[in-house]
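Generate coordinates for the entire structure from the input sequences, incorporating the hints supplied.
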Amino acid sequence: MMITETVLKYSTLAIQRPDDLLYGVSPLPLACGLGLTIGAGQVFPEVNFTLPAMNIESGTWPVVVAHYDEMASQILRRAVSLGVHGIVLEFELLPPMTDHPVWGAEITAVLKRHLATAHEKYHLPCALRVTPTDIRDQQKPPLMRTGEPWRQLKQSLELCAKAGADILSIESIGGKEVHDQALMYGDFSGIVFALGVLAPRDMSWLWAQIGQICAAHPGVVSGGDSACGFANTAMQLAHQKMLPEVLAAVVRAMSAVRSLSAFEQGAVGPSKDCAYEGPILKAITGRPIAMEGKSASCAHFSPVGNIAAAMCDLWSNESVQNVRLLSGNAPEAYTELLAYDCRLMNTAACAPGGALQLRNWMVASDEWLSPQAAVLSPDAIIRIAAAIVATDTPYHRVIAAGQAAVQVLKDGVAEQKLHLSRKELQWLARIDEALERFPAEEDALLVDLEAQYGSLYDKASYGL
Amino acid sequence: MALSKELFDAILNGDAKRAHAATETALAEGAEPMQLIADSMVPAMDEVGKLFEAEEYFVPELLLAGRAMKSAMELIKPLLVASGQKMAVRVIIGTVKGDLHDIGKNIVASMLEGSGFEVIDLGADVSPEAFVAAVKERQPHIVCMSALLTVTMPAMKTTIDALSKAGVRTQVKVLLGGAPVTSQYAKEIGADGYSENANGAVGLVKSLLAVA
Chain A
1 MMITETVLKY STLAIQRPDD LLYGVSPLPL ACGLGLTIGA GQVFPEVNFT LPAMNIESGT
61 WPVVVAHYDE MASQILRRAV SLGVHGIVLE FELLPPMTDH PVWGAEITAV LKRHLATAHE
121 KYHLPCALRV TPTDIRDQQK PPLMRTGEPW RQLKQSLELC AKAGADILSI ESIGGKEVHD
181 QALMYGDFSG IVFALGVLAP RDMSWLWAQI GQICAAHPGV VSGGDSACGF ANTAMQLAHQ
241 KMLPEVLAAV VRAMSAVRSL SAFEQGAVGP SKDCAYEGPI LKAITGRPIA MEGKSASCAH
301 FSPVGNIAAA MCDLWSNESV QNVRLLSGNA PEAYTELLAY DCRLMNTAAC APGGALQLRN
361 WMVASDEWLS PQAAVLSPDA IIRIAAAIVA TDTPYHRVIA AGQAAVQVLK DGVAEQKLHL
421 SRKELQWLAR IDEALERFPA EEDALLVDLE AQYGSLYDKA SYGL
Chain B
1 MALSKELFDA ILNGDAKRAH AATETALAEG AEPMQLIADS MVPAMDEVGK LFEAEEYFVP
61 ELLLAGRAMK SAMELIKPLL VASGQKMAVR VIIGTVKGDL HDIGKNIVAS MLEGSGFEVI
121 DLGADVSPEA FVAAVKERQP HIVCMSALLT VTMPAMKTTI DALSKAGVRT QVKVLLGGAP
181 VTSQYAKEIG ADGYSENANG AVGLVKSLLA VA
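Here the protein sequences come in this chain order: A and B.
Residue numbering for the first sequence follows the numbering used here, starting at 1 and increasing by one per position.
Residue numbering for the second sequence follows the numbering used here, starting at 1 and increasing by one per position.
Note that these hints are calculated values from the structure, not bench results.
A quick note: this is a predicted structure, and the numbers were derived from the prediction, not measured.
Yeah, the Cβ is synthetic: ideal placement off N, Cα and C, and Gly gets one too.
Treat the hints with care, since some could be wrong.
[Unchecked claim] Estimated spans, in silico, between C-beta atoms of each pair:
hint : chain 1 : residue 1 : chain 2 : residue 2 : range
1    : A       : 393       : B       : 120       : 36 to 42 Å
2    : A       : 440       : B       : 81        : 45 to 51 Å
3    : A       : 218       : B       : 187       : 52 to 58 Å
4    : A       : 443       : B       : 74        : 29 to 35 Å
[Unchecked claim] BS3-like mimics (lysine-lysine), calculated; alpha carbons at most 27 Å apart, straight line:
hint : chain 1 : residue 1 : chain 2 : residue 2
5    : A       : 241       : A       : 417
6    : B       : 17        : A       : 423
7    : B       : 206       : A       : 241
8    : A       : 140       : B       : 206
9    : B       : 50        : A       : 423
10   : A       : 459       : A       : 154
11   : B       : 173       : B       : 77
12   : B       : 136       : B       : 157
13   : B       : 50        : A       : 241
[Unchecked claim] Covered stretches of chain B, going by a simulated chain A footprint (3 or more residues, C-beta under 8 Å):
hint : stretch
14   : 36-42
15   : 89-100
16   : 104-118
17   : 126-140
Written as structure tokens, this is what we have:
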């Protein structure tokens, strides 16, 4: 079957008004898993969990399986105790589990058994999201469409689908080999090239493949991706004062274009929890999204702890290790945190105007304290999403998203709501200027950047 | 006062072309290569480090300064080699086995290179055997290891054990970094140092080897 390079189909917004961008509600809810419907009025916890520090190898494999068995059992016990109305478990494979596809499938089956039991015994609506590791960057330059890593990844997706995954996701890395270097050097040409040319091409190809795998396994849905390797890298480097926050904020907005490619190839959501660009995807596609924020502090810092919840359909903890705490093991403790977060959101949504009011408080509590939060307000989301759908190629969309994000930040500064340091202001001006200077077509950019980045990526991997 | 103010400013401002041209001019005017390094290049990178510590510079400014330093070194290195003088310190760096995350390691590598060290980057997912082979072959002073995943941290210990078993552990200082790694963990597994950020890693290399 022919796989198209890039199929664009979104030219309008599914959600036009900021006030219609609410948590728990999506224009196109998703029924999946065992009786779960996401985006139909309630927010559900999505619990993500991982191993403590240990080697993963044949000799330790029984211990690995025992950890996952224990985590699923304890998470679901706590969820049932708290009367959650639904739950998603996410299994993010670690690299050796994707390298050995049968290992990932074995854990998938273990987790699905626990969910099936909870559904049968307690009528708990639930689903299992499985996210193999994108291991295609094992050689330099990475081969995205051929070679052993891709073969293993594809087999991992297939075996996990067969073993009981309800939702397939991935945090894909196409374009990252260029983006990493461009980000480190603050080179906006390289950033736009990675996010607007390479990444969407890889996403389109990869998500068409994932769509085919889902089609071959009835009941398995093609979830969504995350710009984790791009925008979350920028977010963490900004947190460490290594990059300007304004750069991370603009990269976040621009990264939505590559994440949108999954939906353009048939993904139906929920997008990945660490895709903080999710609200932009929700505004454009109307599909439900997962988000993470304050209750993911076990995994990493973010300056968007409350605002990230404002428009979510699943609320996640990102990743927590199976270590002992006073109240039990960490995964079940974080299940409790998420359950209470969701209970509050769902209770507020029962009152007339309650969801909007709570959403506005969550937005207001973060919005102007960080540029990265400022680009995630419902107003900003609609502005950025509208800019994306107003243009017609990923390259132009990335530039448009960047310009819209810059304008959001400039307006915040002008209105004295957003306070930036002198250095941050200099960078904002630099980014603004850089976005004005791009050639009209991506081919010209490709030529311009050949000397600088040509050796870092494999052209055939991107259909170039 | 820097021997070449032009070179000092070029590095401080991350201008590689200007740094290259300033070095050419200074050498043509008879400046001693080692003196250029000591009087203009090292002070410029020290100033860059201070600006980073003061949060006046971000990593891009730091790396561009490193790139400018490197472009100047391209002219100076052959002269040092010809006169029998050696680069001060050689560093081997890699992300440990099972871990594909390498941006943190890349930043450290670039900053070390920018600070005048010879850096051999082994890449990501580097096996203990590959670290050992590189140490035997390249005879570095320092081995830097990075891990982002908690489940790949044990590979740091495996690598240190492999260096010991191969009889080369005492020849090198081993430094660790990466989000889940701690100073305590570094001590526990027998590393010589830990840094939580890239600039700290450069300082640590300098202090461990008492490099000015």
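Holds or violated: residue 50 of chain B to residue 423 of chain A, with C-alpha atoms at most 27 Å apart: Holds: residue 50 of chain B and residue 423 of chain A sit about 15 Å apart, inside 27 Å.
Within 8 Å of chain A's CB atoms, at least three CB atoms from the stretch 126-140 of chain B: coverage verdict: It is violated: at least three residues are needed, and the stretch 126-140 of chain B offers just 0 whose Cβ sits closer than 8 Å to chain A.
Assertion that chain A covers the stretch 89-100 of chain B - criterion: three or more residues, beta-carbon distance below 8 Å: Answer holds; 3 residues pass the 8 Å Cβ test.
Check of the stretch 36-42 of chain B against chain A for coverage (Cβ-Cβ below 8 Å, three residues minimum): With 0 residues close enough to chain A, the hint is violated.
27 Å Cα cutoff - pair residue 173 of chain B, residue 77 of chain B: holds, 25 Å
Proposed proximity, residue 241 of chain A with residue 206 of chain B (alpha carbon, max 27 Å): With Cα atoms ~22 Å apart, residue 206 of chain B and residue 241 of chain A stay inside 27 Å; holds.
27 Å Cα cutoff - pair residue 140 of chain A, residue 206 of chain B: violated, 30 Å
Restraint check for residue 136 of chain B with residue 157 of chain B, where alpha carbons must lie at most 27 Å apart: Roughly 18 Å separates the two Cα atoms, so the pair holds.
Cβ separation of residue 440 of chain A and residue 81 of chain B, checked against the hinted range 45 to 51 Å: holds, 47 Å
Pairwise beta carbon distance, residue 218 of chain A to residue 187 of chain B, judged against the given window 52 to 58 Å: Given range 52 to 58 Å: holds, Cβ gap about 54 Å.
Residue 241 of chain A paired with residue 417 of chain A [C-alpha distance capped at 27 Å]: holds, 22 Å
Pair hint residue 50 of chain B and residue 241 of chain A, alpha-carbon separation not exceeding 27 Å: Cα-Cα ~14 Å, so holds.
Hint check: violations occur at hints 8, 14 and 17; the rest are consistent with the structure.
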